[in-house]
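Trainee: Residue numbers (full-length UniProt numbering), protein chains in the order written: chain A, 1 to 563; chain B, 1 to 486.
Careful, some of the hints might be misleading.
Claimed, not checked - From the structure, some residues in chain B lie toward chain A, with a derived Cβ separation under 8 angstroms:
(1) G57
(2) H59
(3) F64
(4) G69
(5) V104
(6) D186
(7) M201
(8) V269
(9) A270
(10) A274
(11) M279
(12) Q406
(13) P413
(14) Y437
(15) R442
(16) F445
Keep in mind that the hints were calculated from the coordinates and are not lab data.
Keep in mind that this is a model prediction, so the values were computed, not measured.
Glycine residues also receive a C-beta, built at the ideal position from the N, C-alpha and C atoms.
Chain by chain, the residues run as shown.
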Amino acid sequence: MRRFPVTPKQGCSVVTGLQLGDNRAFTYPFTSKTAQIHLSFPYSFISFNSPYLLLQGQIPRNRYEIYRKKAVAKDFGPWKTLPIMGEEEKQQKFGVEEEAALVVKELRKSFRSGKTKSYEWRVSQLQSIDKMVHEREKEITEALYKDLSKPEIEAFVSEISMTKSSCKLALRELKRWMTPEEAKTSLTTFPSSAEIVPEPLGVVLVISSWNYPFLLSIDPVIGAIAAGNTVVLKPSETAPATSTLLAKLLKEYLDQSTIRVVEGAVAVTSALLDQKWDKILFTGGGKVGRIVLTAAAKHLTPVVLELGGKCPAVVDSNVNLQVAARRIIAGKWACNNGQACVGVDYVITTKDFAPKLIDSLRNELEEFFGKDPMESRDLSRIVNSFHFTRLATLLNEDKVSDKIVLGGQRNENQLKIAPTILLDVPEDSLIMQEEIFGPLLPILTVENIEDSFDVICSKPKPLAAYCFTNDQQLKKKFVQNIPAGGVLINDTVLHSTVSSLPFGGVGESGMGYYHGKFSFDAFSHKKAVLYRSFDGDSSIRYPPYTPRRQRLLKAVISGNILG
Amino acid sequence: MDSIVIDLERDLDELRGYYRSGKTKDVTWRKSQLKGMLSLIKEREGDIFKALKEDLGKHHVEAFRDEVGVLTKSIKFALNGLQGWMSSKKAKLPAVALLSSAVVLPEPLGVVLIISSWNFPFGLCLEPLIGAIAAGNTMVVKPSELAPACSSLLANAIPDYLDNKAVKVVQGGSVVGQRLLQQKWDKIFFTGSSQVGRLVMSEAAKHLTPVTLELGGKCPAVVDSLSWSWDQEAAVNRITGAKFGACAGQACIAVDYILVTKEFTSTLVALMKAKIKDMFGENPRETNSMSRIVNKQHFLRLKRLLSDPNVQKSIVYGGSMDEENLFIEPTILVDPPLDAEIMKEEIFGPFLPIITLNDIKESIEFINSRPKPLAIYAFTKNEALRKRIVSETSSGSVVFNDAIIQYAADNMPFGGVGESGQGKYHGKASFDTFSHYKAVARRSFLTDFWYRSPPWNEYKLLLIEATYNFDYLGMLLVILGLKRSR
Numbered sequence: 001m002r003r004f005p006v007t008p009k010q011g012c013s014v015v016t017g018l019q020l021g022d023n024r025a026f027t028y029p030f031t032s033k034t035a036q037i038h039l040s041f042p043y044s045f046i047s048f049n050s051p052y053l054l055l056q057g058q059i060p061r062n063r064y065e066i067y068r069k070k071a072v073a074k075d076f077g078p079w080k081t082l083p084i085m086g087e088e089e090k091q092q093k094f095g096v097e098e099e100a101a102l103v104v105k106e107l108r109k110s111f112r113s114g115k116t117k118s119y120e121w122r123v124s125q126l127q128s129i130d131k132m133v134h135e136r137e138k139e140i141t142e143a144l145y146k147d148l149s150k151p152e153i154e155a156f157v158s159e160i161s162m163t164k165s166s167c168k169l170a171l172r173e174l175k176r177w178m179t180p181e182e183a184k185t186s187l188t189t190f191p192s193s194a195e196i197v198p199e200p201l202g203v204v205l206v207i208s209s210w211n212y213p214f215l216l217s218i219d220p221v222i223g224a225i226a227a228g229n230t231v232v233l234k235p236s237e238t239a240p241a242t243s244t245l246l247a248k249l250l251k252e253y254l255d256q257s258t259i260r261v262v263e264g265a266v267a268v269t270s271a272l273l274d275q276k277w278d279k280i281l282f283t284g285g286g287k288v289g290r291i292v293l294t295a296a297a298k299h300l301t302p303v304v305l306e307l308g309g310k311c312p313a314v315v316d317s318n319v320n321l322q323v324a325a326r327r328i329i330a331g332k333w334a335c336n337n338g339q340a341c342v343g344v345d346y347v348i349t350t351k352d353f354a355p356k357l358i359d360s361l362r363n364e365l366e367e368f369f370g371k372d373p374m375e376s377r378d379l380s381r382i383v384n385s386f387h388f389t390r391l392a393t394l395l396n397e398d399k400v401s402d403k404i405v406l407g408g409q410r411n412e413n414q415l416k417i418a419p420t421i422l423l424d425v426p427e428d429s430l431i432m433q434e435e436i437f438g439p440l441l442p443i444l445t446v447e448n449i450e451d452s453f454d455v456i457c458s459k460p461k462p463l464a465a466y467c468f469t470n471d472q473q474l475k476k477k478f479v480q481n482i483p484a485g486g487v488l489i490n491d492t493v494l495h496s497t498v499s500s501l502p503f504g505g506v507g508e509s510g511m512g513y514y515h516g517k518f519s520f521d522a523f524s525h526k527k528a529v530l531y532r533s534f535d536g537d538s539s540i541r542y543p544p545y546t547p548r549r550q551r552l553l554k555a556v557i558s559g560n561i562l563g
Numbered sequence: 001m002d003s004i005v006i007d008l009e010r011d012l013d014e015l016r017g018y019y020r021s022g023k024t025k026d027v028t029w030r031k032s033q034l035k036g037m038l039s040l041i042k043e044r045e046g047d048i049f050k051a052l053k054e055d056l057g058k059h060h061v062e063a064f065r066d067e068v069g070v071l072t073k074s075i076k077f078a079l080n081g082l083q084g085w086m087s088s089k090k091a092k093l094p095a096v097a098l099l100s101s102a103v104v105l106p107e108p109l110g111v112v113l114i115i116s117s118w119n120f121p122f123g124l125c126l127e128p129l130i131g132a133i134a135a136g137n138t139m140v141v142k143p144s145e146l147a148p149a150c151s152s153l154l155a156n157a158i159p160d161y162l163d164n165k166a167v168k169v170v171q172g173g174s175v176v177g178q179r180l181l182q183q184k185w186d187k188i189f190f191t192g193s194s195q196v197g198r199l200v201m202s203e204a205a206k207h208l209t210p211v212t213l214e215l216g217g218k219c220p221a222v223v224d225s226l227s228w229s230w231d232q233e234a235a236v237n238r239i240t241g242a243k244f245g246a247c248a249g250q251a252c253i254a255v256d257y258i259l260v261t262k263e264f265t266s267t268l269v270a271l272m273k274a275k276i277k278d279m280f281g282e283n284p285r286e287t288n289s290m291s292r293i294v295n296k297q298h299f300l301r302l303k304r305l306l307s308d309p310n311v312q313k314s315i316v317y318g319g320s321m322d323e324e325n326l327f328i329e330p331t332i333l334v335d336p337p338l339d340a341e342i343m344k345e346e347i348f349g350p351f352l353p354i355i356t357l358n359d360i361k362e363s364i365e366f367i368n369s370r371p372k373p374l375a376i377y378a379f380t381k382n383e384a385l386r387k388r389i390v391s392e393t394s395s396g397s398v399v400f401n402d403a404i405i406q407y408a409a410d411n412m413p414f415g416g417v418g419e420s421g422q423g424k425y426h427g428k429a430s431f432d433t434f435s436h437y438k439a440v441a442r443r444s445f446l447t448d449f450w451y452r453s454p455p456w457n458e459y460k461l462l463l464i465e466a467t468y469n470f471d472y473l474g475m476l477l478v479i480l481g482l483k484r485s486r
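Here chain A stands alone, though its shape is the one from the complex:
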């Protein structure tokens, strides 16, 4: 099996984007001219420069102050990273904005030329992506290893092959997607014909995330290209190796006049968001999602937000224990070590069943990751020291630290946390309040399995909800009553790989869908086109309004010809 000679330490010495330890980025309170707001993505600090943002009041500042102080107090050694907004960058801010404006202007010009609308252009770009993924698979895998120590096979399963199949599907189906759909017409508009024509929106922005930095960047870009748009991709600076690679590869393989990668951190994102876009697709946390939406409102830009949430897994006592445990592990630790938006966040099971489930999870975990999971090469690491500290804070909370029943080991130098299971943490603990996004799995117990519904419904709507049961009645109730982006019975995460299912959240977990045809739709406007002939004009529609006309009109509109 191929292994990379890169150690995580070497890999991370190039990490940019986290400004921990650099206090220049934290000028608080806000200066009058440029309000600097600290936000989480979902938890990283981002200072945001935009006077029209109204979000100051909403940021639970205290918690971030705590994280920050802890983070700043430490010497991160080789992990010390570059400032996100140093003085130099601030001086260049003006330049950044101009550059963003320039990119948009160029792409708008290309869009106006009409070349992205042709089927041939779309196909050629999609083919290039397919070729790129095929030819550069090794580099992509290496970049993912540098950024996240992502095991090769996991990178292949969750990023490379998903991108490939998404691209292949678009190539196969594109003609059908582009074909206008005929619409039925009614007596009111008789005689006429109608169709619904998908048209590209224009210049679109894709802001992606660091946890699946390749897939979450390219998958939306595939949709944007298939729909005939010009597109700017802003990869996450928290996964710098992949970001750099994406910039390099897209330049090499795709049409530069229509598809661009803009790299950078907050200053760049903020400059990009100031521009007018025809659609923004954002993957990340709810707080930055709010900023994106507010910025979009200024230009009336429609937005797709792919956020996360606390995805629950309900485990009934009548299940095949081994299969359920394996699937939970697959949906938690084998998914980027829990750093996935559809990953299992917490488990709810009955009091009696909890010990059995924990035993089974313990056995299967050992089988998957060995006796000492800290040594396993099949687990991703935590992305950076900020997130490590955040997760450590969740574990260190007084009412939580004594609930650990498995794992708990951590190594700050290697940014590793072992798969950790906690039993019956209190509802008001931090770990149950925010999305965990890491290898910690709280198990909550209830008397009766149906009590789990109340627990789930008392929280914001998650991106996914999982239920393991053989009880048909419970399945039905779960599907009917649990509001979530998607529901999967007896498995985890797999539903997000099915291209015929819409992928997207609801409420706090986001808005809009993508994947497969839904990606095409997300970047298209469905234009209603009605064709009428000059014949069949009826005077009853027009003034002067006589009683006879009125009677006839009533009959026609109600579809009652005999009237």
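Use these hints to put chain B onto chain A, whose structure you have.
Mentor: Same frame as chain A, now just chain B:
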């Protein structure tokens, strides 16, 4: 905290509680509400006509055509379609997903807010309400305070006909509107101007609330040089009716301006003058077949549009204004300056500028140099021009050889793009707007790919790759040990 907020929060708690009870998800509840709405419109038709006359001077036939009639049709359409819309749709799965099934299931969003506009106070309020009810939500409706008689009729009548634990009407102006927007909603449906639209969207951002914005824009009508008099007659009939006969041009999909060739202009103007007299009589104010301007403020805004001397000069028909009765005569202008306000902002009144071009093909560039409109109308028999308009311009909808009529087409999504809005409604699109499409997949415990989980090795990689490529033979070969490398 002011009393508005206290009342509002109590209402919202009640609505949220009622939604949680699951009552509104029941198909019989949804049907009963739609039927309630149908009887509201039927039984209170007279009151509706009266209110529209009072607020806008709308003739009752116009009111029937644009509001009551369309609503009746839409409710019946929803009642017919509801069962089908609510049922889950099967999603295709590849063969490797053995013993699995997947469906897409629409679920209601929760508590939604509908803010409507004054120009079609019943249509624009109840049309989205049909969708919100059909999708199984609870809702607050805020009618526009600029049509006060209609607003109070809605506030009085809705509780009599609909389940008032699920539907609340909140009346008021911008203060109430702001308080409403500060609350957390699961969806906001807004009809109005793009200025307020921006405000609604940025307020919604705080709670990550999705919005549907039905805005307007300057909708052009491209009129080709039609040679047959029958065609000319029909085109002029439809344009005149759609401009002056639908709330006196105060409609988001009204024709805002006309694009026509220089040669055809005089023919078109002559025909239109005659048609206006035909439809509205010598003195339109006295025939009562045309609506008035909604209020003084809008009247003055329209007056200001004409006050530019260069615009004044371009008037070829009409132009008289009766400030006391808030009535403006149908007015046609030929080639007002393109940098004048009348060609920059949405007119929303009975002024119809005609812009002349050398070649009708120039109209595409003219339209593309402006924000995307809600609708583009084109009166032409030229197939090539039609194709170009559909593929080279962008707008909410395109209608050939007619105007406004797309509003009544149930099978066509209605909504804007860019400056003219986002999100769609009408027919099933209304149901979709107020639903979340939940992906539901079911698996059994029986089949599992053992190679899905760590510890990873090259053998598992081969199998997974074969699975992803749906390469069943490859899978078999790997399992039998006959294939060892990629």
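Trainee: Would you mind marking each hint as holding or not holding in the structure?
Mentor: Checked hints:
1. G57: Constraint on G57 of chain B not satisfied, violated at 13 angstroms.
2. H59: Since the shortest Cβ distance to chain A is 6 angstroms, the answer is holds.
3. F64: holds, 6 angstroms
4. G69: holds, 4 angstroms
5. V104: Constraint on V104 of chain B satisfied, holds at 6 angstroms.
6. D186: It holds, given that the least Cβ distance between D186 of chain B and chain A is near 7 angstroms, below 8 angstroms.
7. M201: holds, 4 angstroms
8. V269: Nearest chain A Cβ about 19 angstroms off; hint violated.
9. A270: violated, 18 angstroms
10. A274: At about 13 angstroms, which exceeds the 8 angstroms cut-off, the nearest Cβ of chain A leaves the hint on A274 of chain B violated.
11. M279: holds, 4 angstroms
12. Q406: Hint holds; Q406 of chain B Cβ to chain A Cβ min 5 angstroms, cut 8 angstroms.
13. P413: holds, 6 angstroms
14. Y437: holds, 5 angstroms
15. R442: holds, 4 angstroms
16. F445: holds, 4 angstroms
Hint violations for this structure: numbers 1, 8, 9, 10, all remaining hints satisfied.
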